[in-house]
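> Got chain H sorted already, so can you dock chain A onto it with the hints?
Heads up: the protein sequence lines correspond to chains H and A, in order.
Numbered per the working numbering, the first sequence spans residues 62 to 581.
Numbered per the working numbering, the second sequence spans residues 18 to 380.
What the hints contain is simulated information worked out from the structure, not anything from laboratory work.
Each hint should be verified, as a subset may be incorrect.
[What the hints assert, rightly or not] Chain A residues, not near chain H, derived (Cβ > 12 Å throughout):
| # | residue |
| --- | --- |
| 1 | M50 |
| 2 | K90 |
| 3 | N93 |
| 4 | R249 |
| 5 | Q335 |
| 6 | P343 |
| 7 | R349 |
| 8 | P359 |
| 9 | A373 |
| 10 | L374 |
[Unchecked claim] Which chain H residues face chain A? A few, computed with CB under 10 Å, are given here:
| # | residue |
| --- | --- |
| 11 | L160 |
| 12 | P219 |
| 13 | E255 |
| 14 | M461 |
| 15 | E556 |
[Unchecked claim] Computed list of lysine-lysine pairs in DSSO-like fashion (alpha-carbon distance at most 30 Å, straight line):
| # | chain 1 | residue 1 | chain 2 | residue 2 |
| --- | --- | --- | --- | --- |
| 16 | H | K349 | H | K522 |
| 17 | A | K260 | H | K462 |
| 18 | H | K522 | H | K532 |
| 19 | H | K492 | A | K215 |
| 20 | H | K306 | H | K532 |
| 21 | H | K306 | H | K462 |
| 22 | H | K462 | H | K349 |
| 23 | H | K91 | H | K349 |
| 24 | H | K349 | A | K173 |
Nothing here was measured: the structure is a model prediction, and the numbers come from that model.
No residue lacks a Cβ here, since even glycine has one placed at the ideal position from N, Cα and C.
What follows is the residue order along each chain.
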Amino acid sequence: MTYRLGIDVGGTNTDAVILDGYGGVRAKCKEPTTEDVSTGINLAVQRVLREASVHPSSIGDAMLGTTHATNAIIERRGLSRVGVLRLASPSGHAVPPFLEWPADMLEAVGNDFRIVRGGYEYNGSVISAPDRDEIRRCLEDLRRQGAEALAVSCVFSPVNREQEARVHELAAECLGPGFPVTLSSEIGSIGLVERENAAILNAAIRTLAERAYGAFEHVLEAHGIQADLFITQNDGTLMSIDYAKRYPVLTVASGPTNSLRGAAHLSGIQEGVVVDVGGTTTDVGILKSGFPRESASSVEMGGVRTNFRMPDLIAVGLGGGSVVDLSGDTPRVGPRSVGYRLPVESRVFGGDTLTATDVAVAAGRLALGDPSRVRDLDPEAVSGAMRVIRSMIEEAVDRMKTSSGDVPVIVVGGGSVLVPDDLQGASEVVKPEHYEVANAMGAAIAQVSGGVDGVFDVAAKGREQVLHEVKEAARAEAVRAGAAQETVAIVEVEEIPLAYLPSNAVRFRVKAAGDLRRTS
Amino acid sequence: MNRIDERTVDCIAVGAAVLGSGGGGDPYIGKLMARQAVRENGPVRLMTVEEVPDDELVIPSAMMGAPAVMLEKFPNGSEPELAFRALERHLDRRAYGVIPIEAGGLNSCIPIYTAARLGLPLIDADGMGRAFPELQMVTFSVAGIPSTPMVLCDEKGNLMILETVTNEWSEVLARTATVAMGLSSMLSLYCVEGRSLKQCAVRGTLSLAAEIGKGILHSNRSEEDPVDSVLRVTRGVRLVTGKIVDVARDLTTGFVRGRVRIEGLDEDQGAVFELDFQNENLVARRDGRPAALTPDLITVLDRETAVPITTEGLRYGQRVVVVGMPCDPFWRTEAGLEHVGPRYFGYDLDYTPVEALAGGRES
Numbered sequence: 062m063t064y065r066l067g068i069d070v071g072g073t074n075t076d077a078v079i080l081d082g083y084g085g086v087r088a089k090c091k092e093p094t095t096e097d098v099s100t101g102i103n104l105a106v107q108r109v110l111r112e113a114s115v116h117p118s119s120i121g122d123a124m125l126g127t128t129h130a131t132n133a134i135i136e137r138r139g140l141s142r143v144g145v146l147r148l149a150s151p152s153g154h155a156v157p158p159f160l161e162w163p164a165d166m167l168e169a170v171g172n173d174f175r176i177v178r179g180g181y182e183y184n185g186s187v188i189s190a191p192d193r194d195e196i197r198r199c200l201e202d203l204r205r206q207g208a209e210a211l212a213v214s215c216v217f218s219p220v221n222r223e224q225e226a227r228v229h230e231l232a233a234e235c236l237g238p239g240f241p242v243t244l245s246s247e248i249g250s251i252g253l254v255e256r257e258n259a260a261i262l263n264a265a266i267r268t269l270a271e272r273a274y275g276a277f278e279h280v281l282e283a284h285g286i287q288a289d290l291f292i293t294q295n296d297g298t299l300m301s302i303d304y305a306k307r308y309p310v311l312t313v314a315s316g317p318t319n320s321l322r323g324a325a326h327l328s329g330i331q332e333g334v335v336v337d338v339g340g341t342t343t344d345v346g347i348l349k350s351g352f353p354r355e356s357a358s359s360v361e362m363g364g365v366r367t368n369f370r371m372p373d374l375i376a377v378g379l380g381g382g383s384v385v386d387l388s389g390d391t392p393r394v395g396p397r398s399v400g401y402r403l404p405v406e407s408r409v410f411g412g413d414t415l416t417a418t419d420v421a422v423a424a425g426r427l428a429l430g431d432p433s434r435v436r437d438l439d440p441e442a443v444s445g446a447m448r449v450i451r452s453m454i455e456e457a458v459d460r461m462k463t464s465s466g467d468v469p470v471i472v473v474g475g476g477s478v479l480v481p482d483d484l485q486g487a488s489e490v491v492k493p494e495h496y497e498v499a500n501a502m503g504a505a506i507a508q509v510s511g512g513v514d515g516v517f518d519v520a521a522k523g524r525e526q527v528l529h530e531v532k533e534a535a536r537a538e539a540v541r542a543g544a545a546q547e548t549v550a551i552v553e554v555e556e557i558p559l560a561y562l563p564s565n566a567v568r569f570r571v572k573a574a575g576d577l578r579r580t581s
Numbered sequence: 018m019n020r021i022d023e024r025t026v027d028c029i030a031v032g033a034a035v036l037g038s039g040g041g042g043d044p045y046i047g048k049l050m051a052r053q054a055v056r057e058n059g060p061v062r063l064m065t066v067e068e069v070p071d072d073e074l075v076i077p078s079a080m081m082g083a084p085a086v087m088l089e090k091f092p093n094g095s096e097p098e099l100a101f102r103a104l105e106r107h108l109d110r111r112a113y114g115v116i117p118i119e120a121g122g123l124n125s126c127i128p129i130y131t132a133a134r135l136g137l138p139l140i141d142a143d144g145m146g147r148a149f150p151e152l153q154m155v156t157f158s159v160a161g162i163p164s165t166p167m168v169l170c171d172e173k174g175n176l177m178i179l180e181t182v183t184n185e186w187s188e189v190l191a192r193t194a195t196v197a198m199g200l201s202s203m204l205s206l207y208c209v210e211g212r213s214l215k216q217c218a219v220r221g222t223l224s225l226a227a228e229i230g231k232g233i234l235h236s237n238r239s240e241e242d243p244v245d246s247v248l249r250v251t252r253g254v255r256l257v258t259g260k261i262v263d264v265a266r267d268l269t270t271g272f273v274r275g276r277v278r279i280e281g282l283d284e285d286q287g288a289v290f291e292l293d294f295q296n297e298n299l300v301a302r303r304d305g306r307p308a309a310l311t312p313d314l315i316t317v318l319d320r321e322t323a324v325p326i327t328t329e330g331l332r333y334g335q336r337v338v339v340v341g342m343p344c345d346p347f348w349r350t351e352a353g354l355e356h357v358g359p360r361y362f363g364y365d366l367d368y369t370p371v372e373a374l375a376g377g378r379e380s
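One chain only, chain H, in its complex shape (with noise of 0.2 Å):
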């Protein structure tokens, strides 16, 4: 049998799992996470492999989810000079490059951009055709400024790949094969700003990443675990650890997919909300075919706006840690927590401040600590904290919904306890088996997926022909990242009219995903 290694590096703790080959927890554990992150890995890895009693040659595949891309972005730590390409001239001059970045950040990245000749229309026709002499000085301009990194975007790039590959060629050509390029239109959709930016910090973020996956192969390495490697992205699918290395930027909204993933595997469950609830907050995310949605809105990161493929979350100020006041006539629960101090400051535990956990163990829901501790409390006091918890999450999964009727409500994470086992506008409330671990699970068990974003005429073909066009597209996509053919499934169809539009002009976001191709 070959065995599947997920592990989630988190900012608290290292989960691992390892899957057997009907998708079965054969072994799970948490580490902390530690400062270099590889010791955490490692422990973790050491620990999980024990307990599985499995000979590490018999690991056919390990996934890694991570926030190091995250983390660095937010820190402004280790990050490259990055030099801009934007295909769009005669576009495209009124909003430059870099506008309306935080001053921190543009001293780490530079501020070095050019606008050349090039981008398309929203149909696809060219608004100019590149001028690769032009483009060959520009690049070499760049680089005499400083630049170690490259990012290329064009206009309607998602349209039209053509131009920003063409860019990647010229760049092989005249900066060598080894200088770090990142396109445009490999990390995001419609929206240059946002995906110029995401491309900007891409680009940034590549020789860290490089290193760090670096690190993950050479921890796996010295268990002599010899499996294919892959880093789960934003979406919830996989990539392999070399295109990771080049996109790292798709990783940063990793770690709720994971457990959005991870709950769908492991109530098996399709459809439905997901409510995980930690130490501090909840997130609430909703599966469509066993997928987070993604949010429609743009996404800040580190102060700068993107449109990273994110799921669409709800977070609360509600967790295990939550601190709550019994004082006032109506009971009130975070978002003040006490964090990982839990296991010390909450009353169950000893310490003097009264949380959730410590108002759900007064309820009976469950034992934990000495509840001695909590038994002065009035009753009364306690089913109103209750129901304020209660009221809390059933605002959360109700403004998730897409529509009106009852839907499964997912839970899971180590506070999952805080949830009562019926909520309105719930046909069910599952809290699955290993709930605590259902990162690394979405990580063990992530799929490989292709998608196509962009904005179609439907006039001539009619909406049908098109949209089936777009279909197969993403189905392509899907299988040339890696899915095997056979398995490959539309996952998601998003259709968004244009406003103002006199032509049919509609645009389609179509995401396939399927299993892991098998290699050998």
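Leaving out everything else, chain A in the frame of chain H:
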């Protein structure tokens, strides 16, 4: 208010989205352009309609096309000046100032950019007081002012001068050219002398947008609830506080057309509210009876922050307040209603002002 600086631009962009009545396009790119132009050229001088001499000419500056396309293909930056100067050349007259034609949405910010770059004063007024989908839906048009001669230009430097027999023809021809230009173009049109401007301008709309936006963006520094501040500034009516329970979009026509259902919350518990939109919000009904009708402004605000939600951004589950705001008196005349009243948009409903409908409900 007599000048527009960078911070005022931010306020105007948010306030303009409120005046967009659900449409008008995301002002984001326009805001970036206007901020940058003000940063480079200094604040823009704002002038009242009354300050424009009777025999001086002012020229509106606007964008036509799909605002969503502009999120990808930005202007070159020279188009608004190019169109403006070309119209001046064609008329063989120098303009005294720049004026917005549409205060709602993206087109609130473009004229700030144009005025900053040209170093001309900007007139604190427009031709709608809100957003409308078509070029002839302008008070200037109702007052008999021709939209042409008009100049359209694109980012490539293509430029057209249009002379038409009616403003409806201008809409058809300019729209067709705009599609060929890649779904966005910059216009100068409806040039008007101070004398005529005083007959038909919707006054004070930029300072109104700025004040609305200030109340929303700076609500954390104020005691006043941001929704209340919008209502006070616009003399608007709270039509319902509730939760969106259904958004039905009709995608067959290529337009953003649809209906939203909202269930009342708090003091509106039990109320059933429906909102019809077609690019902009057009008709609001509460328990089956009209609560607000075009051309009055109907805007959906986030219940907590009062940030406006466009028709494209409406989603199930959003907690919202729907506000109805009186349109400019000009639109309430017989001629005005003929252009933009409920019947123009295909509704068999007689127009009643939003404040009268609200009064009827309370009594």
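> Confirm or reject each hint.
For each hint, the structure was consulted:
1. Listed as outside the interface, A/M50 is inconsistent with that label: its C-beta sits roughly 5 Å from the nearest C-beta of chain H, within the 12 Å cut-off.
2. Not every C-beta of chain H lies more than 12 Å from that of A/K90, the closest at about 5 Å, which undercuts listing it as non-interface.
3. The Cβ of A/N93 does not lie farther than 12 Å from every Cβ of chain H; its closest approach is about 5 Å, which violates its non-interface assignment.
4. No beta-carbon of chain H comes within 12 Å of the beta-carbon of A/R249; the shortest separation is about 28 Å.
5. Its beta-carbon lying about 8 Å from the closest one in chain H, A/Q335 breaks the requirement of being farther than 12 Å from that chain.
6. Here A/P343 stays apart from chain H, with its beta-carbon at least about 24 Å from theirs, past the 12 Å limit.
7. Against the 12 Å criterion, A/R349 stays outside the reach of chain H, whose nearest CB is about 25 Å from its own CB.
8. Against the 12 Å criterion, A/P359 stays outside the reach of chain H, whose nearest CB is about 20 Å from its own CB.
9. For A/A373, the requirement that its beta carbon stay farther than 12 Å from each beta carbon of chain H is met, with the minimum near 30 Å.
10. No Cβ of chain H comes within 12 Å of the Cβ of A/L374; the nearest lies about 27 Å off, and the non-interface call holds.
11. Satisfaction of the interface hint for H/L160 is found here, the shortest Cβ-Cβ separation to chain A being roughly 6 Å, below the 10 Å cut-off.
12. Satisfaction of the interface hint for H/P219 is found here, the shortest Cβ-Cβ separation to chain A being roughly 8 Å, below the 10 Å cut-off.
13. Of the supplied interface hints, the one on H/E255 holds, with its beta-carbon coming within about 8 Å of a beta-carbon of chain A, less than 10 Å.
14. Hint status for H/M461 relative to chain A: holds, with the closest Cβ pair at about 7 Å, below 10 Å.
15. Given hint, H/E556 at the interface with chain A, holds; its Cβ is 6 Å from that chain's nearest Cβ, closer than 10 Å.
16. With a C-alpha separation of about 29 Å, the suggested pairing of H/K349 with H/K522 holds against the 30 Å cut-off.
17. For the proposed pair A/K260 and H/K462, the alpha carbon gap of about 12 Å is at most 30 Å, so the pair holds.
18. A hinted pair counts as satisfied when its Cα atoms are at most 30 Å apart, and H/K522 with H/K532 qualifies at roughly 15 Å.
19. The hinted pair formed by H/K492 and A/K215 fails the criterion: a straight-line CA distance of about 68 Å is larger than 30 Å.
20. A threshold of 30 Å between alpha carbons decides the hint, and for H/K306 with H/K532 the separation of about 28 Å falls inside it, so the pair holds.
21. Under the criterion of a C-alpha separation no larger than 30 Å, the hint pairing H/K306 with H/K462 is inconsistent with the structure, at around 35 Å.
22. As the CA atoms of H/K462 and H/K349 are separated by approximately 11 Å, the hinted pair is consistent with the 30 Å bound.
23. For the proposed pair H/K91 and H/K349, the alpha carbon gap of about 29 Å is at most 30 Å, so the pair holds.
24. A threshold of 30 Å between alpha carbons decides the hint, and for H/K349 with A/K173 the separation of about 43 Å lies outside it, so the pair is violated.
Checked against the numbered hints listed earlier, the structure breaks hints 1, 2, 3, 5, 19, 21 and 24; every other hint is satisfied.
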